[in-house]
Every structure is written in structure tokens, then in C-alpha cells.
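Trainee: Given next are the chains, with one letter for each unit.
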Amino acid sequence: MSPRWRGRLSDLVLHGLGLGATLLGLLVLAILLADILRDGLGRLSWDFLTGLPSRRAENAGIFPALAGTVWVIAVTTVLAVPIGIGAAVYLEEYGDRGWWARLIEINIANLAGVPSVIYGLLALGLFVRTLGFGRSVLAGAATLALLVLPVVILASREALRAVPPSLREASYALGATRWQTVWHQVLPVALPGMLTGTILALSRAIGETAPLLAIGALTYVPFAPDGIRSPFTVLPIQVFNWMSRPQEAFLENAAAGIMVLLVLLLGMNGFAAWLRDRCQG
Amino acid sequence: MASRTMAIPSLADVAARGREGEVVDTGTKVDVRGLSCFYGETRALDNVSMRIPAHQVTACVGPSGCGKSTFLRALNRMNELIPSTRVTGSVAIDGQDVYAPEADPVEVRRRVGMVFQKSNPFPKSVFENVAYGLRVNGLAGSRAELEDRVEASLRTAALWDEVQDRLRDSALALSVGQQQRLCIARALAVEPDVLLMDEPASALDPIATQRIEELVYQLKQRYTIVIVTHNMQQAARVSDGTAFFWLGKLVEHDLTSRIFTAPARKLTEDYVTGRLG
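Residue numbers (our numbering), protein chains in the order written: chain E, 1 to 281; chain L, 1 to 277.
To be clear, the hints were calculated from the coordinates, so they are not data collected in a lab. Don't take each hint at face value.
Stated by the list, open to error - Label pairs and their in silico Cβ distance ranges:
no. : chain 1 : residue 1 : chain 2 : residue 2 : range
1   : L       : Thr42     : E       : Pro82     : 35 to 45 Å
2   : L       : Pro206    : E       : Thr177    : 30 to 40 Å
3   : E       : Asp11     : L       : Pro206    : 42 to 52 Å
4   : E       : Leu111    : L       : Gln218    : 51 to 61 Å
Unchecked claim - Facing chain E, a subset of chain L residues (Cβ under 8 Å, in silico):
no. : residue
5   : Arg43
6   : Glu107
7   : Val136
8   : Arg186
9   : Val190
It should be emphasised that the depicted structure is a prediction, and the values quoted were computed from it without experimental measurement. A virtual CB, placed ideally from N, CA and C, is assigned to each residue, including glycine.
Please model the entire structure based on the sequences and the hints provided.
Mentor: Here's what the structure looks like:
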């Protein structure tokens, strides 16, 4: 075989392997989705979305969990976004580049890799007991905020770093202060990138179950939260609860619950993608 | 680069030349004394002393890495935005040292405007680009005053006729040459005393370059201009005085006509005639 042919062959093989790997991932996802759709589509209805949990599977609804997820993620956003962006601005624009900054940087990167259940244990001690938040929406949101904070900081720093230095120079050269430069020039340019990273982090937090179970989020809640001090449950916990039931009918409920969660996730990821495209265009 | 071994004139020499060949009768605007700049351990600028006359165009020439851009950025304290930069010596503008402990770098940069090599308009409207400096410095009391001053700056930068119908459009939609004149208008809006230009035309086509040069020529009536350029013809065309930098030192500073016809230093002559660098 000539070297030319060998080159062409290895190219073909590599091409095939790459295609196979891609298709395998898609195939697994497709089977998973098809399975869930088959089980859950029959249960998905307006009554299911607005109904309260019930001991009888056919009457059970997901409203408290859906409302709980929306509450928790909303409060998580309010807590994590300002702190995360603030920390990123400090580290990128104000902090000096000494060993101290390096130490913080390494710590944040490590925190992003800590298993989520450990955040749950920390939050149980800190938020639920010491600060007396109880098993509330606030405690859950604070836990998830801790969880996403490292990711938000890393994504925000990345976005700040992508702002061309010439923009900062132009602003400083006009006699703008550091804060004016950050506020008027740097942040508007970096914001879409920051938000994209933040939304992706939040959409991962939506699916978190372990840390919320650790802080004692309830598995049976017959009402929607009415404030940040209210007890709550969230979609993944409700799904987890239904899946642990022996009756077949509850498994259908779980599948339908997963569909609701997936739609929420896809919506958020789609929004992030749209935001990214818009700022690139 | 055989010239690396050539004798560099001593500073006393340079200073002496500077005095006897004094360009000016318009008075000194910027008085630079013993200015050295370090990036970490690297000395980018070595003990430069130079008097920049008011209402004239002073060109800084020399090969890449000779310190001319560093010199320019030392005049409005832009250097210190780069970490691990150190400056010694003094830069007095109208007798006030911009490196004095009580001097505020933000105020210095308002008084000493700067135009960069690559045009860098803000990703905002044409109007907002010019208005920004006025806003952050609180220079316009009312909306009407803001609009007046934006228009005046755009007129001074010879851009008004081209953009008066496009003030709300993004500045990034302008041509590169227009963008650079917008950057000049933006710098002029805050009414600096001194305008620093770092190779302002090096990214432009010949026609756009000519417009910038004409502009520089007109602006010197109101501003003191220091321009860094790679282009010897440009230096000869627009400047009154020329400073030649070599390996971080100021070799010669004199009337442009003298630098280009009868420089005191062999090194200068070799450079301006293209035998060097």
C-alpha cells in the first residue's frame, strides 16, 4: 500500500470513528428521550402541571415542585449573580496579580469541582442550623448559590478577559476612573458572556437533588411556596420520590416530571445560546 | 544591525544639543527630565530629558522597540496600567509634575489626550463615543451643552459633515479612517492641553492618512501634539520638531528640518536616510 493510500485510509477510519462516537451519544440520548416520552406523555396535562401531589398516582400533580424550582432558582440567581460578577470584576480588574490572586484562583477552580452533596452538608450546618434559615426556599437557594458561584465567577472572568484591552485604554485615556471604565465600557461588553455562563450554571443547579436532600428539603409538599421562608420541594426531588414508589403509575408520573424538568432546562440553555449568538452578531 | 556597536551619544551630549538647537519660541509645554521606564527588570526608556514646545508638533521616530511608544505613554501615565511598570524622573506639564505624589493620574489623562495606533471606538453610537469623555468628567451641564460640544469636537476633527446624519449609528459601522478621526474627536472633546498620537495613521490607506495629517497640522494651533511615527516622510511632513530614539535613549531632538537635512549625529543621519533600522 502506498503511503498516500495509507494516509487516506487512516483519514477515513478516523472520520468513521468520530462519526460513530457522535452518533452513539445522540443515540443514547434519543433512546432515553423516547423512553421517557413513551412513559410520561400520557400523564402530561394541564391538570398534572397545576395539580398537587397525591397518594393516588392518577390524581397527583407537580405544581408545588414546579413552583418550588422556580422559587429556588430565582432566589439562587439573585444571590449568585451579583456576588459572582462582583468577585470576577474584582479579580480581573482590581486585584493585583500576586501569589494571593493565584491562591484565590486555584481555590475557586477547586471549589467548582467539589461534589454537590458536600455543599449540602456545609449548608445544613451553616444556613439551616447556624443562621436559622430552616428548611426553607432561602436555605435551598443559598446552597445552590454556593454551588454555582465558582462556575459563575470563572465564566464571568472569562468574559471579562475577552474584552479587548484597547477598550479599557481608550476609556482611561479620556480621564475615566477605573470604576467608570468598568461600569460604562467593560461590563456592557462582557455581560452577554457572563450571563451565558451563568445561565448554563443555573440550568445545572436546577437538576441538583443531593444538596437539597442534605439540607432537608421535603419530599411531600402539598402547597406551593409563598415566600423565601416557606418549606419547599423541587422537581428532581419530586421525581426521585415518585420513582421510589413501587406502583407502575407513579413511574409514569416520574417520566412526566422529567419531561417538565427537561423543557425547563432546554428553555434556559436555548436562551443562553440565543444570548451568545446575539452578542457575537 | 551592525550599528549596535556604534557609540551612543552621552546624555550630556543630547541635552546640550537640545539646548543649543532649541526649536522654540512658543515656550515649553512639557518638560521631561531624567525619565526612565522599566517593565519588570527591562529598562525600556533610559534617562530621557526633552522639552516639548507648546503649539507645535513633535514627532518621535526610531526603530521598533526603541522606546518611543513607552515615552509617549509615560507622558499621560498610561504606562502604569501595565503591571510591574516603574517610572523614574519627572514630566512637568505647564510646570506641574504629573508624577508628583499629589498628582491624580485620572486628571493627568484628562489633560493629556491620546489617540492609539489601532482605532478603538467604543461599541456604542458615534454620539456616545464623543459624549463619553464629557460625561465621565462632568464637563457638560445640560443635554444641549453636551450636543454642542459633541458637534464642535466632530467639526474640529473634520468628521461632522460625514457623520451628522449618522450620530445614532454604531461607531463600528464607520470606515477605519473615519473611526480614527472619531477617536481624535473623542480625545478633543474633553479639551486636553496636549494630544499624544501613537502611530495614528499606520493602519490607514494613503487618502485616510492624508486627512489625518492635515488634521494634525490644523490642530497644533490649539494643542501641543506629540506624534509617534514609523514613517519618516510623515514625520517630515507634519512635525516642527523631531526626536530620534535608539535603544531606549533619546539620541537627538531638534528642528525637523535640521534632523532631516543636517543632523548632529551620524546615527540619526543613518536612520532618517534609511541606512539603519
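Trainee: Each hint should be assessed against the structure and marked as holding or not.
Mentor: Here is how each hint holds up against the structure:
1. Thr42/L x Pro82/E: 35 to 45 Å: holds, 40 Å
2. Pro206/L x Thr177/E: 30 to 40 Å: holds, 39 Å
3. Asp11/E x Pro206/L: 42 to 52 Å: holds, 47 Å
4. Leu111/E x Gln218/L: 51 to 61 Å: 58 Å Cβ-Cβ, so the 51 to 61 Å window holds.
5. Arg43: violated, 21 Å
6. Glu107: holds, 7 Å
7. Val136: It holds, given that the least Cβ distance between Val136/L and chain E is near 4 Å, below 8 Å.
8. Arg186: holds, 7 Å
9. Val190: holds, 6 Å
Hint compliance for this structure: hint 5 is the single one not met.
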